[in-house]
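Work out the full structure, taking the sequences as your base and the hints as a guide.
There are 2 protein chains.
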Amino acid sequence: MKLHFLGTGSSFPTAKRGVSSLALQLDDGCVWLFDCGEGTQIQVQKSGVTGQRITAIFITHLHGDHLFGLPGLLCTISSQLGEEEAAKRVVEIYGPQGIQRFINTALLISCSPLLFRFKVHELVPAPQQYPQDFDDWQLGDGEPHHTPTHPNQLPGSSVTPVADEEGNLHWPLVDSEGWCVRAGWIHHRVPTFGFVLAEKERPGTLDLTKLTALGLKPGPVCRELKAGRSVVTESGRQVRPEEVLGPRIPGRTLVILGDTSDASPLAHLTQECDVVVHEATHGDALADKAAQYGHSTPAGAVKFAKKIGAKLLLLNHFSQRYTLADSQDGEESVSVLEVEGQQAASGSNLKVLCSHDLFVYEVPARPRTL
Amino acid sequence: MKLHFLGTGSSFPTAKRGVSSLALQLDDGCVWLFDCGEGTQIQVQKSGVTGQRITAIFITHLHGDHLFGLPGLLCTISSQLGEEEAAKRVVEIYGPQGIQRFINTALLISCSPLLFRFKVHELVPAPQQYPQDFDDWQLGDGEPHHTPTHPNQLPGSSVTPVADEEGNLHWPLVDSEGWCVRAGWIHHRVPTFGFVLAEKERPGTLDLTKLTALGLKPGPVCRELKAGRSVVTESGRQVRPEEVLGPRIPGRTLVILGDTSDASPLAHLTQECDVVVHEATHGDALADKAAQYGHSTPAGAVKFAKKIGAKLLLLNHFSQRYTLADSQDGEESVSVLEVEGQQAASGSNLKVLCSHDLFVYEVPARPRTL
Chain A
60 MKLHFLGTGS SFPTAKRGVS SLALQLDDGC VWLFDCGEGT QIQVQKSGVT
110 GQRITAIFIT HLHGDHLFGL PGLLCTISSQ LGEEEAAKRV VEIYGPQGIQ
160 RFINTALLIS CSPLLFRFKV HELVPAPQQY PQDFDDWQLG DGEPHHTPTH
210 PNQLPGSSVT PVADEEGNLH WPLVDSEGWC VRAGWIHHRV PTFGFVLAEK
260 ERPGTLDLTK LTALGLKPGP VCRELKAGRS VVTESGRQVR PEEVLGPRIP
310 GRTLVILGDT SDASPLAHLT QECDVVVHEA THGDALADKA AQYGHSTPAG
360 AVKFAKKIGA KLLLLNHFSQ RYTLADSQDG EESVSVLEVE GQQAASGSNL
410 KVLCSHDLFV YEVPARPRTL
Chain B
60 MKLHFLGTGS SFPTAKRGVS SLALQLDDGC VWLFDCGEGT QIQVQKSGVT
110 GQRITAIFIT HLHGDHLFGL PGLLCTISSQ LGEEEAAKRV VEIYGPQGIQ
160 RFINTALLIS CSPLLFRFKV HELVPAPQQY PQDFDDWQLG DGEPHHTPTH
210 PNQLPGSSVT PVADEEGNLH WPLVDSEGWC VRAGWIHHRV PTFGFVLAEK
260 ERPGTLDLTK LTALGLKPGP VCRELKAGRS VVTESGRQVR PEEVLGPRIP
310 GRTLVILGDT SDASPLAHLT QECDVVVHEA THGDALADKA AQYGHSTPAG
360 AVKFAKKIGA KLLLLNHFSQ RYTLADSQDG EESVSVLEVE GQQAASGSNL
410 KVLCSHDLFV YEVPARPRTL
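Protein sequence lines, in the order shown, are assigned to chains A and B. One point on numbering: in this note's numbering, the residue at position 16 of the first sequence is 75, and numbering is uninterrupted. One point on numbering: in this note's numbering, the residue at position 281 of the second sequence is 340, and numbering is uninterrupted.
By construction, these hints were calculated from the structure, which means they are not laboratory data. For glycine and all other residues, C-beta sits at the position ideal for the given N, C-alpha and C. Fair warning: there could be bad hints in the mix.
Unchecked claim - Short, incomplete list of chain B residues facing chain A, as computed with Cβ under 7 angstroms:
| hint | residue |
| --- | --- |
| 1 | GLU97 |
| 2 | ILE101 |
| 3 | PHE127 |
| 4 | PRO130 |
| 5 | CYS134 |
| 6 | SER137 |
| 7 | CYS170 |
| 8 | PRO172 |
| 9 | SER386 |
To be verified - According to the in silico footprint, chain B covers these stretches of chain A (three or more CB under 8 angstroms from chain B):
| hint | segment |
| --- | --- |
| 10 | 62-72 |
| 11 | 83-90 |
To be verified - Computed, partial: chain A to chain B, Cβ under 10 angstroms:
| hint | residue |
| --- | --- |
| 12 | ILE101 |
| 13 | LEU121 |
| 14 | CYS134 |
| 15 | THR164 |
| 16 | ASP192 |
| 17 | PHE418 |
Structure follows, in C-alpha cells:
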C-alpha cells in the first residue's frame with residue numbers, strides 16, 4: 060500500500076509543484092484519489108500511479124486548488140480505459156454538497172462522454188461548518204438545485220452526519236470487505252472534511268504444507284478456513300482454522316485531511332493511526348496568517364497528530380512562498396517547515412516529514428499477532 | 060504584437076505539451092487569451108506572458124481541453140494583481156452560450172473571491188451549429204437557466220449572429236479605437252467559433268522637428284492632428300495633418316480558429332490576413348479519423364488559409380500521438396504535419412509552420428503607405 064503525493068503546493072500550480080492531490084494505491088492495485096487540483100492528470104502521468112485504476116475519488120473541500128482538475132481527470136481516464144474495463148467500472152466520488160453541481164455542469168457543458176459510469180456521494184455539512192459569509196455565495200439558499208444528470212451517471216447518495224453519544228459527528232462512506240472509511244469535519248473557511256481510512260483485520264496466511272499434510276487440497280476449503288469456519292478432511296478429521304492459518308494480519312489506519320486550522324472535531328474517530336497527512340501551509344513566523352486563512356503551521360499539525368496517536372505525520376499543502384527543499388536559490392524552503400515540525404514533535408515517538416511532488420510513501424505492515 | 064503559443068496539444072495535457080491556449084500580446088502591453096485548457100496558468104508562468112495583463116479572454120468552444128483551465132486562471136490572476144490595478148480592471152470573457160454557467164458554477168462552488176471585475180459575453184450559436192445529439196446533453200432545453208451571479212460580475216451581453224446580404228453570419232464582439240473583432244462559425248462536433256481580429260489603420264508618426272519648425276509645441280495639437288483635424292499656429296498659419304504626419308500605419312488581420320473540420324463558413328469575414336492559426340489534429344494518414352471527430356489535417360488547414368489570402372499559417376492542436384518535433388524517440392513527430400502542410404502549400408505564397416508550446420511569433424508590421 061503506497062501513498063503517492065501528486066501535488067503538495069497550495070493555492071495555484073507551478074511548473075515545479077502541483078496543487079493538492081494524493082493517490083493511495085491499495086494492495087489490490089486499485090487507486091483512491093484524495094483531492095484533484097488543476098493539473099492533477101499531468102502529475103498522475105509523471106507518477107507511478109495508473110490513472111485507469113482510480114476507482115474512488117475523495118474531495119476534502121470545494122476550493123479550486125483541490126477541485127478544478129477533476130473534470131479533466133475524469134475525461135482523460137475515460138479516454139485511456141479499454142472498453143471492456145470501462146463497461147465494468149463505476150467510479151465513486153465523495154465530496155461536500157455542491158460537488159455534483161460542479162462535476163455535472165463541467166461535463167455537460169463540455170459535452171464530455173465517459174466510457175465508465177460514476178456516482179457522486181455528497182456529504183451534507185453540519186451547520187457549524189458554514190462560515191458566516193457563506194450565503195454571499197448564493198449556494199446556501201436551501202432551494203434544491205436542478206442539476207441535469209450525465210448520461211453515465213448512476214444515482215449517488217446524500218450522506219448526512221451521524222452523531223455518537225457525545226454528539227461527535229462522522230459521515231459513514233465506505234464499509235467494504237477490506238475497508239471502513241469515515242469522514243469527519245475539520246475547521247476551515249468553507250465546509251471541509253478529513254477522511255479516516257481503517258483497513259480491516261484480515262485472516263492470516265494459510266500454511267499450505269500443513270494443509271496438505273492434513274490431507275486437504277487448496278481450493279474451496281481455503282475460503283472456509285479463512286472465513287473462520289472449520290472443515291472436515293476426507294478421512295473425517297475436523298480441521299480448525301487456527302491449525303493452518305498464520306497470525307491474523309492487522310489493519311492499518313490512515314488519516315488524510317483537507318485544509319484546516321484545527322482538525323480536532325475529527326479526532327474522536329481514531330485513537331491510533333499509522334500515518335496522518337496534514338497540511339502545513341505556513342511556518343511559525345506566519346502563524347497569524349495561517350490562522351486567518353484557516354490553515355496550519357507544522358506545530359499545529361504535530362499537535363493534532365499526537366492527539367490521534369499517529370506514528371508518522373506527513374505534511375503537505377505548502378504555500379508557494381516556500382521553495383522546494385532542494386532549491387539552491389537561497390530562499391526559504393520547505394525544509395524550514397520540516398524542521399519546525401520535527402522540533403514540535405521532539406521527545407515524542409511521532410516522526411514528521413514534509414512530502415514533495417511525486418514522493419511515494421509505502422505504508423508498512425503492522426506486526427502480526429496471534 | 061506577439062502570439063505566444065501556450066498549449067499546442069489536443070485532448071489532454073502532458074508534462075511536455077499543454078492543451079489549447081494562445082496569448083496575443085498587443086502593442087499596448089495588454090494580453091488577449093484564446094482558449095484556456097487545463098494547466099494554462101502553468102504555461103503562462105513558463106512563458107513571457109504577464110498573466111496580470113490579460114484583459115480579454117476568447118473561448119472558441121466548450122470542450123474541456125479549451126475550457127477547464129479558465130476558473131483556476133481567473134483565481135490566480137486575481138491573487139497576483141495589485142489591489143489598485145485590480146480595482147480598475149474589467150476582464151471581458153467571450154465564449155459560446157453556456158460558458159457563463161460553467162464559469163459561475165466553478166467560481167461560486169469554490170467560494171472564489173476575485174479582486175477584479177469581469178463580464179461574460181455569450182455568443183448565441185446559429186441553429187446549423189448544433190449537432191443532432193446536442194439535446195442529449197440536456198443543455199439545449201430552451202429553458203433559461205438560473206445562474207447565480209458572482210459578486211464581482213458585471214452584466215455581460217448575449218451576442219446574436221448578424222447576417223449579411225448573402226446570409227453569411229458573424230458575431231460582432233469588439234469595436235474599439237484599435238480593433239474590430241468579429242467571430243464566425245466553423246464546423247466542429249459542438250458549436251465552435253473562430254475570431255477575426257482586424258487591427259485598425261492608425262495615423263502616421265508625428266514629425267516633431269517639422270512641428271517645432273512650424274511653431275507648434277507637442278501637446279493637445281498632436282491629438283488634433285492625429286485625429287485628422289487641422290490646427291492653427293500662434294502666428295495664424297493653418298497646419299494640415301498631412302504636413303506633419305508620416306504615412307498611415309496599416310492594420311494587420313489575424314484569424315484565430317477553434318477546432319474545425321471546415322472553417323469555410325467564416326471565410327467571408329476576411330479576404331486577406333497576416334496570419335491564421337488553424338488546427339491540424341491529425342496527419343493525412345488519419346484524414347478519415349480527423350473528419351469523423353470534426354478535426355483537420357494540414358492539407359485542410361492550407362486549403363482554408365489560401366481561401367482567406369493568408370500569408371502565414373500556424374498550425375496547432377496536435378494529437379498527442381505526434382511527439383514533439385525535436386523528439387529523439389523515433390516516433391511520428393509534429394514535423395510530419397509541418398511537411399504535409401508545406402507540401403500542400405507549395406507553389407503558393409503561403410508559408411506554413413507548426414507551432415509548439417512556448418513558441419513566440421512576432422507579427423510583423425505591414426509596409427506603410429502614403
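Check each numbered hint against the structure and report the violated ones by number, ascending.
Hints 6, 8, 9, 11, 17 contradicted; others consistent.
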